[in-house]
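Peer 1: Sequence:
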Amino acid sequence: MANYWAIAIGINHYKHFQSLSYAERDAQTLHNFLVVQAGFSPEHCLLLTDQSPVLNVDEGAPNRDTILGYIGQICQNHLQPGDVFWCFFSGYGVKFQDKDYLMPMDGDPTEVATTGIPLESLFSIFRAARTDNILLLLDINRSQGVLGAAGVGAQTIALAKEYGIATMLSCPPEQFSHETLGLRLGLFTAALLEGLGQYGCLTLEHLAQFMGDRLPQLSEHHCRPPQDPVSIVPEQKRYQLILPGKVNSTGEEPGAGLYPGGSGSILPTDPTPPTVEPTPLPPPTGGNPGSEQPTPGPEDAASEQTWKQLVSWGSAILLGLIGLVISRNAGQVLQTPAAEISPTPVPTVVSPVGSLPPPASPLLPPTDSGADLGSFTKPADPTSLPPGNAGNQGIDFTVPPVPSPGSLASPVPGGAAGGQAGDSVVGTLVPPASPAPIAPSPSPGTPSNSDQAIINAAMASLSRFRAETPNNQVSDIVEAIRQVRQVPPGQPLYLQAQQIIDRWSQVILDMAVGRSQQRNNGDSVIAAKNYRSAIAAARMVPTDRPALHSISQQLVAEWSQKILDIANARAKEGYLSLAIQVAQEVPAGTPAYASAQQAIATWQAAQPPSPPPTAAHV
Numbered sequence: 000m001a002n003y004w005a006i007a008i009g010i011n012h013y014k015h016f017q018s019l020s021y022a023e024r025d026a027q028t029l030h031n032f033l034v035v036q037a038g039f040s041p042e043h044c045l046l047l048t049d050q051s052p053v054l055n056v057d058e059g060a061p062n063r064d065t066i067l068g069y070i071g072q073i074c075q076n077h078l079q080p081g082d083v084f085w086c087f088f089s090g091y092g093v094k095f096q097d098k099d100y101l102m103p104m105d106g107d108p109t110e111v112a113t114t115g116i117p118l119e120s121l122f123s124i125f126r127a128a129r130t131d132n133i134l135l136l137l138d139i140n141r142s143q144g145v146l147g148a149a150g151v152g153a154q155t156i157a158l159a160k161e162y163g164i165a166t167m168l169s170c171p172p173e174q175f176s177h178e179t180l181g182l183r184l185g186l187f188t189a190a191l192l193e194g195l196g197q198y199g200c201l202t203l204e205h206l207a208q209f210m211g212d213r214l215p216q217l218s219e220h221h222c223r224p225p226q227d228p229v230s231i232v233p234e235q236k237r238y239q240l241i242l243p244g245k246v247n248s249t250g251e252e253p254g255a256g257l258y259p260g261g262s263g264s265i266l267p268t269d270p271t272p273p274t275v276e277p278t279p280l281p282p283p284t285g286g287n288p289g290s291e292q293p294t295p296g297p298e299d300a301a302s303e304q305t306w307k308q309l310v311s312w313g314s315a316i317l318l319g320l321i322g323l324v325i326s327r328n329a330g331q332v333l334q335t336p337a338a339e340i341s342p343t344p345v346p347t348v349v350s351p352v353g354s355l356p357p358p359a360s361p362l363l364p365p366t367d368s369g370a371d372l373g374s375f376t377k378p379a380d381p382t383s384l385p386p387g388n389a390g391n392q393g394i395d396f397t398v399p400p401v402p403s404p405g406s407l408a409s410p411v412p413g414g415a416a417g418g419q420a421g422d423s424v425v426g427t428l429v430p431p432a433s434p435a436p437i438a439p440s441p442s443p444g445t446p447s448n449s450d451q452a453i454i455n456a457a458m459a460s461l462s463r464f465r466a467e468t469p470n471n472q473v474s475d476i477v478e479a480i481r482q483v484r485q486v487p488p489g490q491p492l493y494l495q496a497q498q499i500i501d502r503w504s505q506v507i508l509d510m511a512v513g514r515s516q517q518r519n520n521g522d523s524v525i526a527a528k529n530y531r532s533a534i535a536a537a538r539m540v541p542t543d544r545p546a547l548h549s550i551s552q553q554l555v556a557e558w559s560q561k562i563l564d565i566a567n568a569r570a571k572e573g574y575l576s577l578a579i580q581v582a583q584e585v586p587a588g589t590p591a592y593a594s595a596q597q598a599i600a601t602w603q604a605a606q607p608p609s610p611p612p613t614a615a616h617v
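Numbering that gives the first Met the number 0 numbers the first residue of the sequence shown as 0 and each following residue consecutively.
Certain hints may be false.
Straight-line Cα separation of at most 30 Å, BS3-like style, residue types lysine-lysine; simulated pairs [stated by the list, open to error]:
no.: 1; residue 1: Lys160; residue 2: Lys98
no.: 2; residue 1: Lys561; residue 2: Lys528
no.: 3; residue 1: Lys14; residue 2: Lys571
no.: 4; residue 1: Lys14; residue 2: Lys236
no.: 5; residue 1: Lys528; residue 2: Lys14
no.: 6; residue 1: Lys571; residue 2: Lys528
no.: 7; residue 1: Lys561; residue 2: Lys14
no.: 8; residue 1: Lys561; residue 2: Lys571
no.: 9; residue 1: Lys14; residue 2: Lys98
no.: 10; residue 1: Lys160; residue 2: Lys236
Quick list of simulated restraints, FRET-style, between CB atoms [as the list claims (entries may be wrong)]:
no.: 11; residue 1: His12; residue 2: Gly211; range: 28 to 38 Å
no.: 12; residue 1: Ser549; residue 2: Asp212; range: 33 to 43 Å
no.: 13; residue 1: Ser549; residue 2: Asn455; range: 25 to 35 Å
no.: 14; residue 1: Ser549; residue 2: Glu173; range: 35 to 45 Å
no.: 15; residue 1: Gly211; residue 2: Glu572; range: 25 to 35 Å
no.: 16; residue 1: Arg126; residue 2: Ser474; range: 45 to 55 Å
No lab work stands behind these hints: they were computed from the structure. By construction, the Cβ of each residue, glycine as well, lies at the ideal position given by its N, Cα and C atoms.
Just need the whole structure built from these sequences, with the hints factored in.
Peer 2: Next comes the structure, spelled out in structure tokens:
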């Protein structure tokens, strides 16, 4: 029986790179899914993140030696013919001298060849394994601010084809991989978990097709630049099973673990469960020639007679009660107009064109897996993860459907109750001058065509902007929110409009974070301008979304201070003119603005006076 193995690596905090937001969460949620839902043995599933070390900081931290050591140990010592091995990495990737590298926690962009993990080395390790059922999943290219990130992936694609290793990349070399606050995950990982958990993708071919369809939808839904996955699936592995057919169905003892120790096991061997003796079934009552049917005894016959009498008496009493009710209310029923007893029309929920069907069950288990996962890895406390939706205790990958133009969607219960109403009054009827019959007004449960037109127009405007440029401007989303606010309270589509505003407000905050991570090529002025642009975007998060607005204000304070920190660093190095130029990028009204102005005045006073112009310059 084939065993399933996995290593999930996610790195948020780097020593020489800007921190990521959800790489660790990507690895943690995939690890939890494989163990809790897919049925991987906890002893065969390894989690490496910068927040949840396996044994201690040195052995569990995802540095270069640890990652290569564990992958090599699994492939060389544990994989057997027919086994399946998942290798997942979420973090930075760099291209250096036309070669692709994964950057571990201690990776240095100035020494890529000696501190990075060459993909060529990984493929060599995979080829030496005793099984070729290996799936490599790479969520790299996260930030456009990484020098050398552009173009990473080209060599990986070539190596996957050369070695015949099934590989999925989060995007092609010319694109960038994105993460979003709305999902608190990378888009690639969100689509991956959705395909595995909600849509039951059990083969490489099925998963590759799903990812190709779903990932672009998610990027568009969250107003991110286009992101398309790259899947390399060898022809002979198209229908290879990547998940166990049944959770924990083998009944066999788990294989050797990943750590050296007693009997080669990672964890203490679980006690053997007590053997449950099967309950003997009663002998069949028929089917064999010559078998006799049991004849009912006197007690059985008496019970049957008593039961028949009870049924007869109960039926008579029930019919009498029904007749009494009808006789007392017959007059009211006959006098009720037909219009008053007609059922109230129920608004029909129309699924958006092209949207995926809603999931039948939640995708992920709770983040706290407890003792079910053993002591192999303990995921980080959810409270230590990056902030997401207020009150969100788990991870929900269900993407709210976006109605297409012309579709009629009913209000979605549970939406936000806040928001501002527009000034226009929709649906006012003017009495006709003639005594002609007045058309009945729409029932309270029927959405107004005007309200639907408002929502459709706002969505169409974002689609139009997206067609003109791969990046939406924050002002475009702010304008779309202004349009949706015109749906007044009390209307059937008001709750849906508020949910749209919630989602787009998160997109604005996402875009602000993305601006803060844009490439600066080591230029202090460019870095300061990126932070200033991020602050401008964060200030556009609506104030009536208190949770998101609070996060945006914290980021504004953090980014303004980072600009001042850059200026102070240049001043300490003696570059006063550069320090002044950087400090001038601190926006007015931010917490660091007053300190920046004082520093500018100090540095200007400390600068040597400019020499008087010579005759040649007059």
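Peer 1: Kindly indicate which numbered hints from before are broken by the structure, ordering the numbers from low to high.
Peer 2: Hint check: 4, 15 fail, others pass.
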